[in-house]
Amino acid sequence: MADSGIIDELKTKFGGREFIEQKTHDEFPTLWVSKEKIVDVLRFLKIEISKPYRMLYDLTAIDERTRAGRREMPDSDFTVVYHLLSFDRNDDIRVKVALKGKYPSLPTITKLWSNANWYEREIYDMFGIKIEGHPHLKRILMPLTWEGHPLRKEHPARATEMGQFQLPEEKEKREQQALLFNPEEWGLKKESEDSDFMFLNVGPQHPGTHGVLRLVLQLLGEEIVDIVPDIGFHHRGAEKMAERQTWHTYIPYTDRIDYLGGVMNNLAYLLTVEKLAGIKVPERAQVIRILLCELFRLSSHLVWYGTFAQDIGQLSPVFYMFTDREKVFEIIEAICGDRMHPNWFRIGGVTDDLPNGWDTMVKNFVSYFPKRLREYDKMVMKNRIFKARTIGIGIYNTEEAIEWGITGPGLRATGLEWDFRKKRPYSGYDQFDFEIPTAQNGDCYDRAVVRVEEMRQSTRIIEQCLKNMPSGPYKSHHPLATPPLKERTMHDIETLITHFLGVSWGPVIPEGEAFSGIEATKGNNGYYLISDGNTSSYRTRVRTPSFPHMQMVPFISRGYTIPDLLSILGSVDFVLADIDR
Amino acid sequence: MSETLYYIIVVFGVVTLMMTIAPGLIWFERRLLALWQDRYGPNRVGPFGLMQVLADMIKIFFKEDWIPPFADKKVFVLAPAIVVVTALMSFAIVPFAPGISVSNLNIGLLFFLGMSSLGAYSVVLGGWASNNKYSLLGSLRAAAQMLSYEVFMGLSLMGVVMLTGSFNMNDIVLAQKNRWFIIPQFIGFVIFMIAGLAETHRLPFDIPEAESELIAGYHSEYSGMKFGMFFVGEYLGITLISSLIVTLFFGGWFGPSFLPPVVWFFLKTFIFVSLFILLRASLPRPRYDQLLSYGWKLLLPLSLLNLLITGAIILSG
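Protein sequences appear in the order of chains F and G.
Sequential numbering of the first sequence, starting at 1, is according to our numbering.
Sequential numbering of the second sequence, starting at 1, is according to our numbering.
Be aware that one or more of the hints could be misleading.
Claimed, not checked - Listed below are the simulated DSS-like cross-link pairs for lysine-lysine, each with C-alpha atoms no more than 27 angstroms apart in a straight line:
1. F:K111 to F:K100
2. F:K190 to F:K153
3. F:K102 to F:K138
4. F:K467 to F:K371
5. G:K133 to F:K189
6. F:K387 to G:K297
7. F:K382 to G:K297
8. G:K297 to F:K190
Think of the hints as simulated: they come from the structure by calculation, not from any bench.
Just so you know, these numbers come straight off a predicted model, no measurement behind them.
Can you build the whole structure from these sequences, using the hints too?
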């Protein structure tokens, strides 16, 4: 991405002294702004500038207190990072605010972006940074009774560092008290002028939520007045774990973030690591990666397809689609040795070369699958009851999608053709011939249409992988590629040393910051990694698509009924681990 | 004396038969669904998994009979009994073969309509007594659904009654000796079948249960044999509706003489039971307001029109 001159524009508007530039490996313009000016700068970037940065892509923080090698960066204890995305420029900008003090505070930007709400709550929850003026500043991922803020460096990462767990009676009472439901605490009124509301607790154990998600419904009859999602049941501290795993041993954790996406998560993480390390991945490895990613896109979409139909009450499709998914997994298993979480990609390439006979398996599948998709079209997409349940339900337009940070099929269903694979081709996607399906209405049905068409396109990509698989090494010869290719290990001392270091300490990734995003199954998945020249990352931020998507659910569900909510939840296609990390 | 004995045998025969058919259907539905869904279904216990139902029954009988402390106990216990009793009572008027029926009531058809209206109470009371929000929503939906579908369920049958000139089920069957009522009363048949689906709240009309929305709807709080009763009641309902379709539109026991009449009756019924299961395997569930407007705006006028045309034909003929 070329410098879009945004820095000059900002300097003319606010004066040069306001900004400190920082160089990063991803070459996004990165600027430090003072806490007093931040809201103005963000408003300028979102509204006033030509070709604005309309999407708040990510919002997170860094505990900088023990970071080495900060060099040209301003002094900071905690840094809040705003990551904005401009569709007009096809460019991003990163704005950082340095905060001083043990528990600093920062003005809210919820008035500027609706989706800032949850992100700011997450920052408060994870770092203890107070957000001034936030409408509902409460913990979001951790339990309400949790003590401490997990992503602060002083918070222990292991259970063994936390002391023995004890539950005295008084604590038990406190915990029980916290579980009691009081609508006012959730920002819900108990009654309107002329009637009482009914509160329905959907989840965390409910057949329609696809995982441990809790939705508190404020109902008038069966009509939804408001919804408050309660997330965090699936929170496992993936970002904290990254700070104690080596760069290499963190890869299996990424598999489990969007647990239906499998190796696709590896890719988002490794592209960023490779950016930091400056590794160029050989062509064969790139195509193997694409092949597996698209297979996983199929398997994830098949799960969505089946369960979506089931949410609407159709019993059978899920069985057919899981059978097909099994066929995808057979290929994945033959290549990787594992099914859902193969942990197959490595820094600099993939674990191993493709096995003999992989091409026959893929060929069989590619000729088999399109027929099945046509059959499903007849069974599901053209079914009149299915249409009646999904058309015109849960509508949002492009404008609203951008406001709420929606990416992936949910955004494309509103008519905006935006796909990282085309707009910012990574891993060699520019070499492939495929289309980006879009739809116009942004309702549940259109989101389904986009996903179904995406499956056809994925099949096309897989077919091209099959026909054009390049030869060559499956892993880079770069010394940081982990574990290194074996063939030279016993012949020269350099390779032996890097091999030894790579498997004992783990690779040391050079200092720096980088972000890279991919078009994952549910939307844009990205890793923002900060290295301070160590064997593990200093800060790992996982930008997942499901988090903002879930945040939008109340907005698109108001005024519909409970059955519609199920259509909406199904069409949004979230994974709880992807929301909570 | 011998007549009393005969009736006792018929009554016990019908009850035993129906109570065997209901669990048999559970096995049948599971196997059939599995067949259509590319899987095996229960095939481990006994030959073809036939003993699975027995195993389930044993389990369900020995389960803790749990009544939630917040439930209205009396009504909670009563509700599942109603559905079974009303369904069994309705079988009293079904003529299985010439001379084999529990009661040759003159108002047979009205008796069935009355019983099916009573049956609605079981769902409504069960959901209400459970004192659970999901159950409440389920029973509210059930009340709305049954109320609206009962109206034209009755109306759809009036064509048959007009053609026969009697509510007596035996007479209705006999009137079909030369021509089944499916031909003059095709619209009535379609409407009755849809209404029957709604009465038994089977997919696509299972909105009072709606698993993905309301967990189990009106019977969320039920367990053990009380839950089993709802289950058995549902299968009795399917058999009942199927056998009524056969009696009213498909000539009852009539059929080519190489098979005895009672076999013809059960064979035809069996086909409709399978059709019900196939519908369950293939259709999604409409929203309940869509279901209601479909009922009131399409099926009700259609059944009235059917009545009008039938009347006109009878008058002119």
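So, going through the hints one by one against the coordinates:
The hinted pair formed by K111 of chain F and K100 of chain F meets the criterion: a straight-line CA distance of about 24 angstroms does not exceed 27 angstroms. Distance hint between K190 of chain F and K153 of chain F is unfulfilled; the C-alpha atoms sit about 41 angstroms from each other, more than 27 angstroms. Proposed proximity of K102 of chain F and K138 of chain F is supported: the alpha carbons are some 19 angstroms apart, at most 27 angstroms. Of the supplied pair hints, the one linking K467 of chain F and K371 of chain F holds, its CA atoms being roughly 20 angstroms apart against a limit of 27 angstroms.
Proximity of K133 of chain G to K189 of chain F is assessed by CA-CA distance (about 18 angstroms); at most 27 angstroms being required, the pair is judged to hold. The suggested pairing of K387 of chain F with K297 of chain G holds, with an alpha-carbon distance near 19 angstroms, which does not exceed 27 angstroms. At most 27 angstroms may separate the alpha-carbon atoms for a hinted pair to count; K382 of chain F and K297 of chain G meet this at roughly 23 angstroms. This hinted pair does not check out: K297 of chain G and K190 of chain F have alpha carbons roughly 36 angstroms apart, beyond 27 angstroms.
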